[in-house]
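A.B. asks: Mapping of the sequence shown onto numbering that gives the first Met the number 0: residues 0 to 333, in sequence order.
What the hints contain is simulated information worked out from the structure, not anything from laboratory work.
Some hints could be false.
[Unchecked claim] FRET-style restraints, in silico, Cβ to Cβ:
#: 1; residue 1: T152; residue 2: R296; range: 28 to 34 Å
#: 2; residue 1: V57; residue 2: G292; range: 55 to 61 Å
#: 3; residue 1: Y203; residue 2: D117; range: 37 to 43 Å
#: 4; residue 1: Y203; residue 2: R100; range: 25 to 31 Å
#: 5; residue 1: V293; residue 2: Y114; range: 41 to 47 Å
Yeah, the Cβ is synthetic: ideal placement off N, Cα and C, and Gly gets one too.
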Amino acid sequence: MQDDDETPALVLYQTLRARGAATSEAELGKAAGLDREQTERGRQRLTRLGLIRHEDGVLEPVDPDTALTRTMDAYRATAAEQVRTAADLQELTGSLLTVYRPAVAREASLVEVEYYSDRRQKVRVLRELDSTVRHTSDSIHPGPVAPMDVLHTSARQDEEMIRRGVRNRTVYPQSAVSNPQFNRYLRELTEMGVAVRLIDHAPYDMIIYDGQVAAFRGNPPVPGDPHLVVVVRGSALIQAQIAVFEDLWLRAVPYEPPAAASPGDTELAPQERTVIRLMAGGLSDDQIARKMGVSRRTVQRAVTKLMERLGATSRFEAGLKLAQDPEFSRAVRR
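Work out the full structure: start from the sequences and follow the hints.
C.D. replies: Right, dumping it as structure tokens:
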């Protein structure tokens, strides 16, 4: 262990964690109270340990557990290299386990809560959790539906997890399937191996990683704040959140992608024709359900099916296309 470098490195690391980021090495060294030579040695040591990274000209800290996982993965990549550098591996993991991990004061049996309000910090933390999960990822998403570019990025991350052998389960609100674009997103998830279920009401946005860490998105005191992420570690609280997820999972129903209609297929069931007529009259899903004496879910399925057939992204667009399609209009009037 390089004792001469470890002391300034630890000071730099703790300072960087407290600040969240630094725009330059000089700024970080000044904040840590180190001279230029100590700052340089400390920064080199942190880089070697994988506890610091440069992104867009900004220095950011890396969690010891993440650094340890990446270090182990790097050495597993090639057995020959692992043998040649066994002593180096022992030194690196020794520092991570005996110096830096205790410095963060993370105790698995205790509850630890971390708040991230800066957008850059939020993205960094969620990316690290997504990239280091090993066994399970269980999530709840109450809505509203995120923009499609965000969903595409999320789908790629889910796909990478599936390739690593991670079991991925997710719960969405039933109301979300009324959006045809979101339906296509859910279809994509199920095709890649994600287990998707739907429930009438999802309480809050949460992801549980490996049954050990839970990430909550959103800010309860400030509804709609997308930048706050709360990361919770500790068996006592995590077990309670696992119980919440498992209860929702058991009560939710598996997502079934709507069957694609063949070209020119305009045959509608009587119930569907009634739903469309009432929708054209401006009634909401709840009003239509009460008028017909059926469940809201039945109405939503009929509306979603119509929007899929017409290639519409909203109820309003579906109404316009229906009015412009004589064949569909005749099918509705039968």
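A.B. asks: So, for every hint listed, does it hold in this structure?
C.D. replies: Results for each hint:
1. Between T152 and R296 the beta carbons are some 29 Å apart, a value that agrees with the proposed interval 28 to 34 Å.
2. Checked against the hint of 55 to 61 Å, the C-beta distance between V57 and G292 comes to roughly 59 Å, which is consistent with it.
3. Range check, Y203 to D117: about 21 Å between beta-carbon atoms, so the 37 to 43 Å window is missed.
4. At roughly 30 Å, the beta carbons of Y203 and R100 sit within the given window of 25 to 31 Å.
5. Taking 41 to 47 Å as the suggested C-beta distance range, the pair V293 and Y114 conforms, at roughly 45 Å.
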